[in-house]
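Take the sequences, apply the hints, and build the full model.
Following my numbering, the numbering of the sequence shown begins with 7 at its first residue and continues without gaps.
Don't read these hints as lab results, they were simulated from the structure. We treat Cβ as the ideally placed atom computed from N, Cα and C, and that holds for glycine. None of the hints are false.
Straight-line alpha carbon distances no greater than 27 Å define the calculated BS3-like cross-link-like pairs of lysine-lysine that follow: (1) Lys-715 with Lys-704; (2) Lys-505 with Lys-705; (3) Lys-378 with Lys-337; (4) Lys-390 with Lys-328; (5) Lys-270 with Lys-417; (6) Lys-170 with Lys-270; (7) Lys-86 with Lys-111; (8) Lys-208 with Lys-149; (9) Lys-111 with Lys-33; (10) Lys-724 with Lys-337; (11) Lys-378 with Lys-486; (12) Lys-204 with Lys-249; (13) Lys-390 with Lys-612; (14) Lys-704 with Lys-537; (15) Lys-33 with Lys-59; (16) Lys-264 with Lys-213.
Label-pair ranges, simulated between beta-carbon atoms: (17) Ala-321 with Asn-452: 22 to 30 Å; (18) Thr-19 with Gln-148: 20 to 28 Å; (19) Gly-198 with Asp-637: 29 to 37 Å; (20) Gly-594 with Arg-184: 22 to 30 Å; (21) Glu-496 with Ser-586: 34 to 42 Å; (22) Lys-33 with Lys-264: 51 to 59 Å.
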Amino acid sequence: MLTELQGQLERITYRNEENHYTIAKLKVQGRRDLVTVVGSILTASPGEILRLKGSWEHHQKYGEQFKIASYESVVPATIKGIERYLGSGLIKGIGPVMAKRLVDKFGEETLAVIETQAERLQEVEGIGSKRIWMIKTAWEEQKEVRNVMLFLQGHEVSSSYAAKIYRQYGKESITIVRQNPYRLAQEIFGIGFLTADKIAEKLGIPKDSPLRAEAGVLHVLGHLSSEGHVFYPQGPLVEECEKILGVGRDIILRAVEKIAVEKKIVIEEPPGNATGDEDRAVYLAEFLISEEWIARKLKEIAGHKADMLQIGRDAALQAAQKELGVTLALKQVQAVRDALEKKALVITGGPGTGKTTIIRAILKIYSGHGRKVMLAAPTGRAAKRLSESAGRDAKTIHRLLEYSPKQGGFKRNADLPLDADLVVIDESSMVDTILMHHLLKAVPANAALILVGDVDQLPSVGAGNVLRDIIDSGMIPTVKLDEIFRQSRESLIVINAHKINRGDFPVIASQKDALQDFYFIDLEDPEEVCKMILHMCRDKIPGKFGFHPVNDIQVLAPMHRGIVGAANLNVELQKHLNPSTDELIRGGKSFRTGDKVMQIRNNYDKDVYNGDIGRIISIDREDQEVCVDYDGKAVAYDFTELDEIVLAYAVSVHKAQGSEYPAVVMPVLTQHYMMLQRNLLYTAITRGRKLVVLIGTKKALAIAIRNNKPQLRYTRLKERLMGALPC
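Quick look at the structure:
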């Protein structure tokens, strides 16, 4: 038998953002003590009046509580209730202080004024036209978001997605979701195919629906591109779709044909004598366009004559060396000469092989002859490091290309190319197919292009293996540097990086020795490894080497899950390194003022990109914003956008590409077997500038060194550059 209970929501003591299970305290008339209520509460805020149906039960530990079966919200009628309601963070732009001012002015009419006479809010001190607009917009949005929440809840889907859906589609949200829920997976970050599929099922869309199959194929191709594939062979693609969608091959093949007709995908026949539909390459349309463009533009650039041929190269080389105070080695001289004689050049080599010195020499000669040079790198940190080493301004590739939200893309392109005679891109192994396409579109026909990078590092996070394909094609002149210079020969980091790259076991320094820059701590138990990582970051390394535990030390993890995976290490490191009580919990994640965080997607509107690391400098509950400082640039995130950032005390090795840190700490255990690869270990070690500490077992280290079979990436750039395929 259900019982009714009505009262004012005083506070929420626990809330699960995913399923909305809530433990709250209710002030009920006639009862001296607050009543504990438990159950699913969708959107209620402190101050609201709740009319509940449910039953009383006795909890062994917490005593009497009311278990909610259903509820409805009643807008608070008392001045105190309205103040609590508005001050709870429900409406963006109204915090506790502003809520008190409003009810002091309008009393019991406050909510009616906001609803129907918002212009009167300017009668309250501190509220101008901008804040009135913000409050009115937030009030309307909150009502609409609640409708979307109720709709999603009715279809057993987490209503935590409601604000994102509303932000994307506005008042059309429910209509669009009803018509084609699969649009959510394609158009809204954070909502995947499985969530959209769950909504579709509840809406009655059949499992064998063509709409579902078409969305499923696009989802699988998108997922495969996130694993590095530019295309996927049709046979394995269909098998993958069958596994995920649970429908027959014929349905999937029809879906492939349909979205090919709609030009969402492109199917290309295999090169040479290969036959059969199974070998056909299935591309998401933008990837084929990008791959063809890259091949065509590189051939075009390489086909032009260099305009530096007329200068006295020997004299210029001598002058550059004298100005820099260096004597270039034979391969360095070759690289500089090629940079003056060729329109396109690749310079590749490991740490300590003199890539930076070559860049500086080339810049001296080009600048000395009045040529305009532009420098760029894929990440902010890599660009900053390039700028410092080259002694001149360097930008990220995104900033070089001047992304414009209003114009919906990069301003610099084939119609408005870069104003440069030479474009130098550092850390080129990180540049994926899509970004390289946009970059080459903006390189003018008369300019020279130099790609600098370490081809033995992990390939780009995004799809493709661009630098490797360019080198392997043999179509672009390439200088491979392998000599370690004297000053770098003193570093165990550099020595061991090259040893590992050759397949040799590294030199292990004893902790009792004089200060070294590379250490290995032998531990096998994951719990003990986790404790040692915390000890190293909080106490040992700061105490012995003077590095700041958050700013200077970066933990790199081969995997995301597990005791020594990035997720758990972030939780533990946050506890140990940031005791701040200014905490916000969203989607089960804790964010605190002072936290080290990473952006995990390209956000062109905010001008922050996948892999950028910053620090949280403020949490504003009134304006519902978290502000992050990225190397001096403050970026604001609405509370609904916080799935774009994650804690970054520990990050994956892939995410660390292009960055260098004073100190790197990394677990290496056999439980990471799937990820123990030579290029991953090599990439991790070369991220450490002054100190690398590996913690784990020599067996795991040996497994990684022996495993020199990088994961296959499907790409046809090499074949296009070699002329085996059209471009």
